[in-house]
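If you follow the hints, you should be able to join the two separate chains into one complex; please do so.
Protein chains in written order, with the numbering used here: chain A, 1 to 459; chain B, 1001 to 1332.
Because the hints were derived from the structure by calculation, they are not lab data. Beta carbons: idealized from backbone N, C-alpha and C, even for Gly.
DMTMM-like cross-link-like pairs, simulated, lysine to aspartate or glutamate; straight-line CA separation at most 25 Å:
hint, chain 1, residue 1, chain 2, residue 2
1, A, K58, A, E35
2, A, K310, B, E1084
3, A, K36, B, D1188
4, B, K1097, A, E38
5, A, K36, B, E1084
6, B, K1097, A, E37
Computed far set for chain A versus chain B, every beta-carbon distance over 12 Å:
hint, residue
7, Q133
8, P136
9, D153
10, K208
11, T231
12, P306
13, I387
14, S403
15, E407
16, A410
17, D417
18, F418
19, P427
20, K448
21, I451
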Amino acid sequence: MLLKQLSRLVKSAAIIGGACFAANSAVAQKLGYPEKEELRFGFIKLTDMAPIAIAYEKGYFEDEGLYVTIEAQANWKVLLDGVIDGRLDGAHMLAGQPIAATIGYGTKANIITPFSMDLNGNGITVSNEIWKQMKPNIPKMADGRPQHPIKADALKPVVDKYNAAGKPFNMGMVFPVSTHNYELRYWLAAGGIHPGFYAPHKGDTSGKIDAEALLSVTPPPQMPATLEAGTIYGYCVGEPWNQQAVFKGIGVPVITDYEIWKNNPEKVFGITEAFAEKYPNTTIRLTRALIRAAKWLDENNNANRPEAVKILSQSNYVGADYDVIANSMTGTFEYEKGDKRKVPDFNVFFRYNATYPYYSDAIWYLTQMRRWGQISEDKPDSWYKDIARKVYRPDIYQKAAESLIDEKLAMASEFPDFSNETGFRAPQKHFIDNLVYDGNTPNDYINKFTIGLKQGDAL
Amino acid sequence: MISVIRQLTQDGEERFCFALVLALFQNFLKALLLPGLGIVGFLLLWSMAASSINTSLGAFPGPKAVAEQLQNLYLEHQQEREKEAAFYQRQEERNAKRLAQDPNYSAKIRPYTGKETFLDQIATSLITVMSGFLLAVLVAIPLGIAIGLSEKLNTAVNPVIQIFRPVSPLAWLPLVTMVVSAVYVSSDPMFAKSFIVSLVTVTLCCLWPMVINTSVGVASLNKDWVNVSKVLRLPAFSHVRKIVIPASIPAIFTGMRLSLGIAWMVLIAAEMLAQNPGLGKFVWDEFQNGSSQSLSRIMTAVLVIGVIGFLLDRSMLQLQRALSWDKSTELR
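One chain only, chain B, in its complex shape (with noise of 0.2 Å):
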């Protein structure tokens, strides 16, 4: 660096000048206008594609309708929280007329008994795929580990791995909500049934590209570490801890970025099937209605659900960036 000012000094202020503008310039390119470029050019596409398409819910929606139910359902979802406040005064009254009746009625505020909007949705979906995931983590990272140091177990699990890991959410969705609703029996449950079911349905699903890619972290450790761990007699759990989880920190969250971005795919799946709160439910009721305003509201979700999707991803890797030691490789 020091030398190349040297050099442009060397040559003289106006050329400095030059290339500091065009360096600029040339990160601007790259960050900012050729991604600007790219969605200006989807943006067309898709409304030009958009008019053309007729359907018998009327055109297909572009970026003006779909911008038009991103304020609606922003609006809808500030009415809704009107209503929940009305709901829950009036329940206040009707609890205190009810006590100076009956003065050993031990009054309770019951939850909001309204419809869930769109953001509602979002929040649901949000807190289901990220329970299911840090399950899926707890389970996945140490059976990695496990299989990753021992050629034996891994000989033995790998069948069975390679056979689960293929399966759809869809298939095993039936399987989970018998079992859900056999096993999970309570009178006065902390979870609702159909939060477990997504749940156990995103952490199948999302567990196998932990545990393939954590093993594989760890199998293919440096001979070198394994050696030094060896020579300082390292216990057991020491040998872990201080070796192998810190050099497979970039396998482990190869395949946690993985996990993620299945079990946001997974999840949308399962609620749409199984009907449980959250963004897929959004969808399908909305399919079900078949209104006019239907297919934008789709097309909206789609979208949220894309960058949320990308937002999740973008988080992984950051963490991936704080935490991983090899800072040689390109995270993209």
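If we strip away everything but chain A, and leave its shape as in the complex, we get (with noise of 0.2 Å):
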């Protein structure tokens, strides 16, 4: 009897076993299994780390049989070295950091990115005191609130009175090369104000030569205390940390990165290039992965951004309140407070192609490096391709982007069209200072810039 039953139990499992078989059997040949299950991936707790909380909390992470471990890290260093050494398997990077990783900015190693994780979401916050002193220098509109965008220069007045008293002014960025670095010099620039230099060849790596504003790391969660304990007059930084200062009263966001370059590429998710080679199917499934929660991120008109919100502000991912994470993530932002503005696209995870791995967004970041002295020397075109070409992956993310089609997870009008895709964006504009960029060529670029190293200067 029992045996009988058992033989019956074994047989109804084959079956359904059979039919899981044969309907996943199509995808099973294109995309095999993953080789490495358990991994530990790394983030600062900053809003844009969202898709990896959303891939987690969703089980998309999951469902590609991944089990995944979401630690929170010190500071971008750390984040780094834990990747560089192992002790991480991937991590929420700045967009610079695989980029200098691999010209050996700083340490060298080869990190990629197979997918970039959002656009905008950064802000420029001064203190009160500050605000208080650029305010008579900014336009205001009929309804007697500032004009925005604030260009620097309403600080530029400011920052001449603290140079001619012999006071530094100082300001918080959150790594040297970090988007929030060339963002603050891209908009003080803008506004006549020198940022400094770099020149790594003489061993000086503050950025400090000529400077008119003297530039330092701080973590980003620091930021506000920092700006608090008065160390720095003002920093640049992701969310949640410039609506934490309005929230906490101690400063005020005169922009928003939206505004200094609209839709600019920010955070990547990056990878050792061994890993994706010793793990091939991994690689392509996390990237699947983050794909599916970024396209659940701004899903019908950023529907699900409530609930990202909710996950958000749990005290293992960026932990602050629900308030005021959901200030930038809801489409508003604050500025002084009360001045609440629409910014609709102030984080972009998904639309207008915000996850593929453009060509162009990191030779915008080598051309930065560049007019910044952190490359020393010039560079033909050439190498600025052929170093993006190494770091960036599109090839990975069509991979992924392709068997999700296939999957009918997700539709071909939502990604590029890969069959014509050169990796460059059409020649963009929209910079506050009007430049346009164009990636094919970026030392035309970089000689466009007033203030900055041109091709053929030396340090």
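This is the structure in structure tokens:
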């Protein structure tokens, strides 16, 4: 009796198993099982880590057979070292980090990125004291509120006053090769304030040569506390640390990076080249999970954002209050207390092909590294393109996206047209200084800036 | 005692009862009422002070906020356990499905990947501190005995001990981290690197009080006992086992109690700085989060750290009382 039952059970199990196999076999042939199933990913407490949190909480990692542990890191250096020495399998990185690591600025290591995590999402905040001095220089709108975008021209007299009095004008950014450093420098330089050069060939990596504003590194979550302590007068950081300053009443965000460069590429997901070679299926699968998470975040015109904010406000992710994170994540941004304005694209995770790793994005970062002397010698245009091809890996992204399209988990229309995609965005306008950026001609672009190293310049 | 009772019965029943009540009351006063008053007074002062301190994250947390957080943290722990159960269930289903497709697959159950709750962090910290402390005991006591027995060894080693004793754990930490990363390499490590780093830091810092106390205890051995051992011609090992160790138990335990206290303090600092799992990381994470609940959570952690430190000290004291021969000295 028992035996009979048992054999029936085995038979039915076999039938179910067979059915499953038939249904999935087409996919299984194309994309194998992950070679490494237990993964550890690092992140910094910023709202743009959302795709990782969502891929975990919504089970997208598990759908790929990946068991992921997500771990907050103390600062960008610790995070990068973790990926390099293998303590972390992958991480939420500053776009400049994989590039700088590959060209050997800082720790040299071959880090690649198959997935760009978001567009925009940063802001520049100044302390109440500085804001008070800046405000008279800002044109007003009909209703008396300051007119945006606020240019650094309004800050220039304040900085001059400090410098004339012999007081250093200190500002914070999160890492020497961070988006924030380049954005803050871009904004300051566009307003005529010199943010200083780097000269790594002379051992000077502080970036303060000829500087009128002195920029130094502070980890993102500590920005508000450092501003409150008076160590710095302003900072450029990702969310929620600008909104936190408003919430705490210690500073005023003056501009978002959306206004400095509309839809600028921000964080990327970084892994080592060795990891991608050793575990190709795992790499594609984790990219698939992240694409699905990013899609979820932007779906139905940001309908899922409130749920995402709730997840991010958990103490193990970003951990700030719901209201603080919600301010920017749900399409508004609060400048001065009470001055809330609509910035619907403040955080873009998926639309505008935000997740596709464009070579031209990588080259923009390289041009800024050259502009400020982090790359101390002239390089031909071809060098810029070679480095971009080495670090940014749309090939992996394409495999992941195509398998998602095959499984009907995404539509082809949501991705770039892979058969014609060159990896270079059309020349981009919408910079605060109205310059046009074309990734195909990096050296021409560098020569356009008033402040900054040009072709042939050396320190 | 008997004489007292006799005297009391002579003086009459009433007085006896009165004396008994008085004695009981005095005991009660000493054991419960006074500490109780102290705690109540502290709570009052705390809540008064808390409401008048305003930070950029809101008012400083008072006793009420801490009580709420204790509840919250416990609730979070329970929710996390439910999520964990669901995680394992999903994993089993996924494994079964894959086995059906791919019979060669060796399914294994992976540990839960979710976050560590406050209670988990407490457990991690306790395990780490006890491991580091036990390792220190294993090194320090034999070393202390050796130093105590030999004047020459003492003179040779003493400067080194005196130099390392005052070194802060935070100074050791970067060195320990780098050395552990370099030395402890294995594809499937038995312990996490972060655990080893915390443990070694704790050991390095709580070694010294034990070494010093043990050696002093051994060196100040009663000369008569040493002479007895000489007369009996005890071999060296028996001399240590029968005479030296029993005689220096009180000193050894004093060192151990000091060390355990230091170990607990060091661990929290090390966890905070190195972001290693444990209560220190909990405090640091909450500080970084900067949410409106952060301060009250940190305050809760501070109190829990204190209570655990107190309990560790008390249990060491109980052990000392049980093992020490010298019952005459009052221990507090």
